[in-house]
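Trainee: This is what each chain is made of:
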Amino acid sequence: MRKLSLAGLFNPAQVFSFRGGIHPETRKHSSECAIEDMPVPSLIRVPLQQHIGVEAEPIVKRDDLVLKGQLIGKARGPVSANIHAPTSGRVIAVGHFTAPHPSGLPVPTITIRPDGKDEWGPRLPRLRPENATPEEIAAKVAEAGIVGMGGATFPSAVKLNLRAKYELHTLVINGAECEPYLTCDDRLMRERPEEIADGIAIMARALGVKQIIVAIESNKPQAIEAMGRHNRALGYELRIKTVPTQYPMGSEKHLVKTLTGRETPARALTAELGIVVHNAATAHAVHLAVRYGEPSISRVVTVSGRGIARPANVRTLIGTPVAELLAHCGGLVEEPERMLLGGPMMGLPIQNPRVPIVKGTNGILALTRSETRDRDIMPCIRCGLCVQACPLGLTPFELNARIQASDLDGAARVGLLDCITCGCCSYTCPSNIPLVQTIHFAKGKLAEQESRKHQQEQAKRLAAARTAREEAIAEAKRAAMAKRKAEMAAKKQREAEAAKDAREGEAVK
Amino acid sequence: MTAPLLASAPHTHSRFNVSRTMIAVMVCLSPATAFGLYHFGWPAIFLFLVTIAASLLFEVLSLAIAGKPIFRFATDGSAVLTGWILALTLPPWAPWWVGVTGAAIAIVIGKHVFGGLGQNLFNPAMVARAMLLVALPVEMTTWVAPLVGPDGHTGPGFLESLAITFGGGAQFDAVSSASALSQVKSQLDAGLPMERILAQMGSLQDQFYGFVPGSLGETSALLLLAGGLCLILLRIITVVIPLSVLGSVFLLAGAAWLIAPDQFPPPQFHLVSGSVMFCAFFIATDYVTSPVTGMGKMIYGIGIGALIFVIRSWGAFPEGVAFAVLLMNACTPLIDEYVRPRIFGRTRSGKPLDLGEKA
Numbered sequence: 001m002r003k004l005s006l007a008g009l010f011n012p013a014q015v016f017s018f019r020g021g022i023h024p025e026t027r028k029h030s031s032e033c034a035i036e037d038m039p040v041p042s043l044i045r046v047p048l049q050q051h052i053g054v055e056a057e058p059i060v061k062r063d064d065l066v067l068k069g070q071l072i073g074k075a076r077g078p079v080s081a082n083i084h085a086p087t088s089g090r091v092i093a094v095g096h097f098t099a100p101h102p103s104g105l106p107v108p109t110i111t112i113r114p115d116g117k118d119e120w121g122p123r124l125p126r127l128r129p130e131n132a133t134p135e136e137i138a139a140k141v142a143e144a145g146i147v148g149m150g151g152a153t154f155p156s157a158v159k160l161n162l163r164a165k166y167e168l169h170t171l172v173i174n175g176a177e178c179e180p181y182l183t184c185d186d187r188l189m190r191e192r193p194e195e196i197a198d199g200i201a202i203m204a205r206a207l208g209v210k211q212i213i214v215a216i217e218s219n220k221p222q223a224i225e226a227m228g229r230h231n232r233a234l235g236y237e238l239r240i241k242t243v244p245t246q247y248p249m250g251s252e253k254h255l256v257k258t259l260t261g262r263e264t265p266a267r268a269l270t271a272e273l274g275i276v277v278h279n280a281a282t283a284h285a286v287h288l289a290v291r292y293g294e295p296s297i298s299r300v301v302t303v304s305g306r307g308i309a310r311p312a313n314v315r316t317l318i319g320t321p322v323a324e325l326l327a328h329c330g331g332l333v334e335e336p337e338r339m340l341l342g343g344p345m346m347g348l349p350i351q352n353p354r355v356p357i358v359k360g361t362n363g364i365l366a367l368t369r370s371e372t373r374d375r376d377i378m379p380c381i382r383c384g385l386c387v388q389a390c391p392l393g394l395t396p397f398e399l400n401a402r403i404q405a406s407d408l409d410g411a412a413r414v415g416l417l418d419c420i421t422c423g424c425c426s427y428t429c430p431s432n433i434p435l436v437q438t439i440h441f442a443k444g445k446l447a448e449q450e451s452r453k454h455q456q457e458q459a460k461r462l463a464a465a466r467t468a469r470e471e472a473i474a475e476a477k478r479a480a481m482a483k484r485k486a487e488m489a490a491k492k493q494r495e496a497e498a499a500k501d502a503r504e505g506e507a508v509k
Numbered sequence: 001m002t003a004p005l006l007a008s009a010p011h012t013h014s015r016f017n018v019s020r021t022m023i024a025v026m027v028c029l030s031p032a033t034a035f036g037l038y039h040f041g042w043p044a045i046f047l048f049l050v051t052i053a054a055s056l057l058f059e060v061l062s063l064a065i066a067g068k069p070i071f072r073f074a075t076d077g078s079a080v081l082t083g084w085i086l087a088l089t090l091p092p093w094a095p096w097w098v099g100v101t102g103a104a105i106a107i108v109i110g111k112h113v114f115g116g117l118g119q120n121l122f123n124p125a126m127v128a129r130a131m132l133l134v135a136l137p138v139e140m141t142t143w144v145a146p147l148v149g150p151d152g153h154t155g156p157g158f159l160e161s162l163a164i165t166f167g168g169g170a171q172f173d174a175v176s177s178a179s180a181l182s183q184v185k186s187q188l189d190a191g192l193p194m195e196r197i198l199a200q201m202g203s204l205q206d207q208f209y210g211f212v213p214g215s216l217g218e219t220s221a222l223l224l225l226a227g228g229l230c231l232i233l234l235r236i237i238t239v240v241i242p243l244s245v246l247g248s249v250f251l252l253a254g255a256a257w258l259i260a261p262d263q264f265p266p267p268q269f270h271l272v273s274g275s276v277m278f279c280a281f282f283i284a285t286d287y288v289t290s291p292v293t294g295m296g297k298m299i300y301g302i303g304i305g306a307l308i309f310v311i312r313s314w315g316a317f318p319e320g321v322a323f324a325v326l327l328m329n330a331c332t333p334l335i336d337e338y339v340r341p342r343i344f345g346r347t348r349s350g351k352p353l354d355l356g357e358k359a
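Taken in order, these protein sequences are the chains called A and B. Counted the way the numbering used here counts, the first sequence spans residues 1 to 509. Counted the way the numbering used here counts, the second sequence spans residues 1 to 359.
Looking at chain A on its own, in the form it has when it is part of the complex (with noise of 0.2 Å):
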């Protein structure tokens, strides 16, 4: 088995699969549509929490006047990213607004009222990449505030230095968008092969791997071609792979089984095994960056749906509220069910139009009636559909069983937290049955019962540090007081010893 898995690492051909997993409709209505730049929004809003990790400290005060690509946040800590500045404009509040979340809660925001002008500051200082020590590669993406851009937001910069702990040996640039409906990867990589190439390799000098793997789904032939017809830069030579279109295929340790054959064991990174997966638009950012000194301020955006009057891809600046990234394809043509930032998969509803677009918005989805799913739920037939396409091995009908019956030990006992909750389950379910939903809800409520759990074993060892401090400052107290009364008692001895000398004394005269 152990020579299966080197055949993946060298053949270039060989492609592996995993269990699980399905096929649904693809619906890649604006896969024909060129990316195009949206004119400079009336209002932005940049969110400062735009990725995993610690919120960005605002370095900008009302009224003041910033440029483009300027430094509005400032990372914190080191799990956090860079905030820039997407257009020049005026800063009108440094404040609260609602998140691009389904919770709709508010989240610190710096808003701008652009000029117009879109008139840029200082770029960031150049980078030659042939030159450069990976640290400096990595300091540069975190200075441009880069984050994992297919919609995971982790910060990149924190992913290159990954070298420092485990042994790399491969690059994979997840190409897969297995997601429906959206095609801004495609379309930036057969618009911008040359520009992503030189992503990558950058990336891979900065990871200090030996060979690059570009994972892109069968359904994106014209991106396979593309990036065929660019694969070598800085000297590094990207393999291009064609995966099989299934979903969750950009699932990154399905990706990494799918390319190599290995599996990630649970709980433990890619890395581990030496591999590094990081997104295509992710490396297009890198390029700008480094070679041009950009910051992370736009991204590409799918815009599709049946409610959309013209699907599209679109350059959009980060801080664009999705209303007008709507408008500016045609406006809605019938009153959608649904308003998703993200794939019909896993992206996250919105109700609030205003919500700004952030660094993780692959696609704004109008889905009508026609698109969504029934809401009648049947009972559990025991199909076992939802087995068959768990990609985790995990029994779905199960855990929904298990967690109706207030049972969280038990799901968990049966695997409830190595779902990746990426909905396989309820697509297929021919009952309807909300399942990856019931889990996510248990996942929290998990979630919950631990922290609650931590915070009380936390003040219970407070209180018991507490009592053992307490108890230490009697017991220094009582033994100052007892050393007290012996030196008393000895000082009394002395005296009365003293003066039954004088006594004695006086007798002896």
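Hints were generated in silico from the structure; no laboratory data involved. All of these numbers come straight from a predicted model, not from anything done at the bench. You can take every hint at face value.
With a straight-line Cα cutoff of 25 Å, these simulated SDA-like cross-link-like pairs (lysine to any residue) come out: (1) B/K68 - B/F16; (2) A/K74 - A/G293; (3) A/K61 - A/R113; (4) A/K443 - B/S8; (5) A/K445 - B/K351; (6) B/K351 - A/L416; (7) B/K68 - A/A401; (8) B/K68 - A/S406.
Selected chain A positions facing chain B (in silico; Cβ < 7 Å): (9) T264; (10) P265; (11) R267; (12) T372; (13) R373; (14) C383; (15) G393; (16) G415; (17) D418; (18) Y427; (19) Q437.
Covered by chain A, according to a simulated footprint, are these stretches of chain B (three or more residues, beta-carbon under 8 Å): (20) 15-24; (21) 109-122; (22) 343-354.
Each residue gets a CB set at the ideal place from its N, CA and C atoms; glycine is no exception.
Once you have looked at the hints, place chain B on chain A.
Mentor: This is chain B only, laid out in the frame that chain A set:
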């Protein structure tokens, strides 16, 4: 503009649903059913319709008592399918009340007492069949010769048929006949050697095509096989259960036949029996009462096949399908508990994989 719906992902669906599954199964059953109905004439048609209608009626009553949404659940097709499968296992000229009693047992006791669709431990149609077989041994084993085929006879007319199903029954002596399995069984008991018994029986081809006496829809192994293959092609079922049922029957029967050819019929004799075919493709594959994993399905299928052979060879009944299925139904929860898929990134025992080791 109303605000868009805030519902958790996924926002799309395969559009595959329970009713479609049921309809697909019915479509795949229809060739064998049509053949059976044509084969056994009007009484069979009446019995078929009465059984399905009764199933639907009992489904509606049970849903009403349980306080469940009647229209949505009654139209999911599961009750009709249960009635359909039950009817196919009944003797074709059985009186109407056999079908109605069977439907009541299947729907009320077999299904709704457990909590309705998806909750039943045992296959409802097989619960009914087994109970009828035990309670009504005469009615359940009175077979008629088919209307078409080598030993065909002219069937009863419409009114006469009404009398057979709803009246006092038929002049059975005129048409009664034994099923192949019961014939073998009784004659073996009488001490005849297997060779002579087989020589008296119709050819294997006739049995395979279905020109033999038997249950309403279980005579034609050929059409059941064709329907079953359609189910596999439509991806309603996987090949695992049918293959393991038929495979284990064939291997066990073959081994027994090789050891004692005068005591056991040859393995192909078992496979041409429609009831095994029916069981392998349509009964054992019932989602609710079979295991969900591939390995579990294999264990389950092999168990059913082995039990069918054991009951047929040494049991008190000539036909063992119902009992075999029920016994393995009882094992399903156990199988599902122990036979699980391996979780990605973990060993079978649930520990994370070691680095450098491949699953």
